[in-house]
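> The lines below spell out each chain.
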Amino acid sequence: MWGYLLGAGVLLITVNAGAAEAIPTESPQKPGAGKLCAKNHQSPWGLTIGFGYASATSKVLGLKLNPYGSSLSIHGTYTWCSGFRLGLYGEGFLGSTISQDIKVNNGAQKIEIRARSRTGSLGTSFGYAQPLGSLALHYQLGIGLTVMRYDFGDIPFETLASFEKLNGVVSGLHLRPSLGLELPLNRFYLLTSIYSRIESSSKIPAAFGGLLSFGARL
Amino acid sequence: MNRPGFQRYACLASILVFFGTNGSRAAASEKIAGSPSPAPASQIANNSKVTILSPQARARRETAYTLMKKQWAFDVELWGTSASDIYGGFGIHYGLGKGFEVGVNLLHLGAGVFNLSTKWNFLDLPQFALGLRFSPMFAHGDWVWIARSSTLVSGLNIWLFPVSLQLSAPILPWLQFDLSTDYVDSLVLGDVDEDSLLLDGTIALRQLAFQPVIRWHLLQRTSFYFQAKLPVITRIPGAISTEAPLVEGVLLGGEAAGRSSIPLKDTYVLTCGARSMIREDIFLDFSVNVGALAKKIYGNPISPRLQLEMRF
Chain A
13 MWGYLLGAGV LLITVNAGAA EAIPTESPQK PGAGKLCAKN HQSPWGLTIG FGYASATSKV
73 LGLKLNPYGS SLSIHGTYTW CSGFRLGLYG EGFLGSTISQ DIKVNNGAQK IEIRARSRTG
133 SLGTSFGYAQ PLGSLALHYQ LGIGLTVMRY DFGDIPFETL ASFEKLNGVV SGLHLRPSLG
193 LELPLNRFYL LTSIYSRIES SSKIPAAFGG LLSFGARL
Chain B
2 MNRPGFQRYA CLASILVFFG TNGSRAAASE KIAGSPSPAP ASQIANNSKV TILSPQARAR
62 RETAYTLMKK QWAFDVELWG TSASDIYGGF GIHYGLGKGF EVGVNLLHLG AGVFNLSTKW
122 NFLDLPQFAL GLRFSPMFAH GDWVWIARSS TLVSGLNIWL FPVSLQLSAP ILPWLQFDLS
182 TDYVDSLVLG DVDEDSLLLD GTIALRQLAF QPVIRWHLLQ RTSFYFQAKL PVITRIPGAI
242 STEAPLVEGV LLGGEAAGRS SIPLKDTYVL TCGARSMIRE DIFLDFSVNV GALAKKIYGN
302 PISPRLQLEM RF
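Chains A and B are the protein sequences, given in the same order. Mapping of the first sequence onto the numbering used here: residues 13 to 230, in sequence order. Mapping of the second sequence onto the numbering used here: residues 2 to 313, in sequence order.
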């Protein structure tokens, strides 16, 4: 829910900014114009710390898992004058516990489990910052590794779905497209963004979330 | 037994020929305030006043607009939700002039699915434009090597005939409305599982859908848009059967597991996103698809879609 609210917030801010900045078609900006260039006496290096929330949007092999929830992230970037940026990020989620009834023995038996999971990830980001008046619109695609720790508690089985153990760690690659809006504040900036996570592992659910980041140009 | 509605296409084509003449389009193009004359795109690329609304840069997806004469477009796309871009695409398109463009999705072609597209922007007035898109698709199950091991397409021959009448109305310098009326007819030879992507993903179906789009253009280089795909009629063609055994070369009749149609709640897609002109020839598009269809295709009711497009 918080992810959706953050996403809606991004859109509202964007719409309001757009209403204020909309100008006639006769005065287009030059390509690459903006305040995101080292030639404008701003360092190309940036570091952001973000707080957010994400929620799983898919089931995993019939199980409800939400290894996301509240998150803390750190993101280092290098931005070229053209607006392209390259970065490295790390993101940790607190995860959550979901109680659910599942059918076992071909549906003959129903048991209750408490599926606890949390996740963390590391990745590389490729992005572009499009000047939008005094703001900047960030397009970004992250590619990285996700590690999920899970625990299904004590149940009278050795395996569950296709999880070989009742607790352990699984990993996989992820893609993380995102769209954000940056508000520069001198050396610092505020970035709100929405993102989606697509996971290659069938045991890690996809997610959608929002992030509020505070950044500084180093 | 069902056959593709060629009569319907012929009737629709006749109506469009009546309304759309090349002469009216060319004359209308010249009236566009501030727009370049209909010269080849390569000559216009040097014009520094290119904005996201310029003829060589405006959005073509779900709009009436097409590439300019001798203009090429290459696009890379991830996670589309329509038959022409499902899972992704690597498209090559070319503007033939007089509002015509042709294209092919090489990613689908590489996977054994023939996916061509043609589009004709037959009316282009300053505040109103109409276009017609026809993008036939053919897949022979044994050629789709990427899914050969699954039962999804094995033994199937699938023909799709999507036709779209697309309207665009840039009523203000910063506001544009689009409406696409899409009709897809399909012909499937073979046996289809009830929960197959072909049915649940509403790919091999007969469907009439409306797609209204609102675009908000900001600062010449970025547009935000909200789009709804609303399939008002989605029917399972009689050629698809999940009950009768497959008889090679014979069209199978009957309904799929008792279903003859799929309700709107299982087929709608809501999309919001942004499209930016990075340079005069490079465009980025990011959107989020929400709806049951995205969940059926990607197992995820909120799925992103990315597109990078280059035009020359």
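Quick caveat, the hints were computed from the structure, so don't treat them as lab data. There's no promise every hint is true.
[Claimed, not checked] Residues of chain B placed beyond 10 Å of chain A at every Cβ, according to the derived structure: (1) K70; (2) F101; (3) V105; (4) L117; (5) L131; (6) W160; (7) S165; (8) L166; (9) P213; (10) L220; (11) T223; (12) A275; (13) L285; (14) F287; (15) Y299; (16) G300.
[What the hints assert, rightly or not] To spell it out: a stretch of chain A is covered by chain B in this simulated footprint if at least three of its residues, at any positions, have a beta carbon under 8 Å from a beta carbon of chain B; those stretches are: (17) 116-123; (18) 206-212.
[What the hints assert, rightly or not] Here are the simulated lysine to any residue pairs, SDA-like style, with alpha carbons at most 20 Å apart: (19) K71/A - S146/A; (20) K296/B - L75/A; (21) K296/B - L59/A; (22) K71/A - E176/A; (23) K76/A - P302/B; (24) K76/A - L173/B.
We put the CB at the ideal spot given by N, CA and C, even for glycine.
> If a hint holds in the structure, say so; if it does not, say that too.
Evaluated hints:
1. K70: Its Cβ never comes within 10 Å of chain A, the nearest being 22 Å, so this holds.
2. F101: holds, 26 Å
3. V105: holds, 25 Å
4. L117: holds, 28 Å
5. L131: At about 22 Å from chain A, L131/B clears the 10 Å cut-off, so the statement holds.
6. W160: The claim stands: W160/B keeps its Cβ more than 10 Å from every Cβ of chain A (closest is about 31 Å).
7. S165: With a cut-off of 10 Å, S165/B remains clear of chain A, as the shortest Cβ separation is near 26 Å.
8. L166: holds, 27 Å
9. P213: holds, 18 Å
10. L220: violated, 6 Å
11. T223: violated, 6 Å
12. A275: At roughly 6 Å from the nearest Cβ of chain A, A275/B sits no farther out than 10 Å, so the non-interface label is violated.
13. L285: violated, 5 Å
14. F287: violated, 5 Å
15. Y299: violated, 8 Å
16. G300: The claim breaks: G300/B does not keep its Cβ more than 10 Å from every Cβ of chain A (closest is about 5 Å).
17. 116-123: violated (count 0)
18. 206-212: holds (count 3)
19. K71/A - S146/A: violated, 41 Å
20. K296/B - L75/A: Cα-Cα ~16 Å, so holds.
21. K296/B - L59/A: Distance ~35 Å between K296/B and L59/A Cα, so the pair is violated.
22. K71/A - E176/A: holds, 18 Å
23. K76/A - P302/B: holds, 14 Å
24. K76/A - L173/B: With Cα atoms ~47 Å apart, K76/A and L173/B exceed 20 Å; violated.
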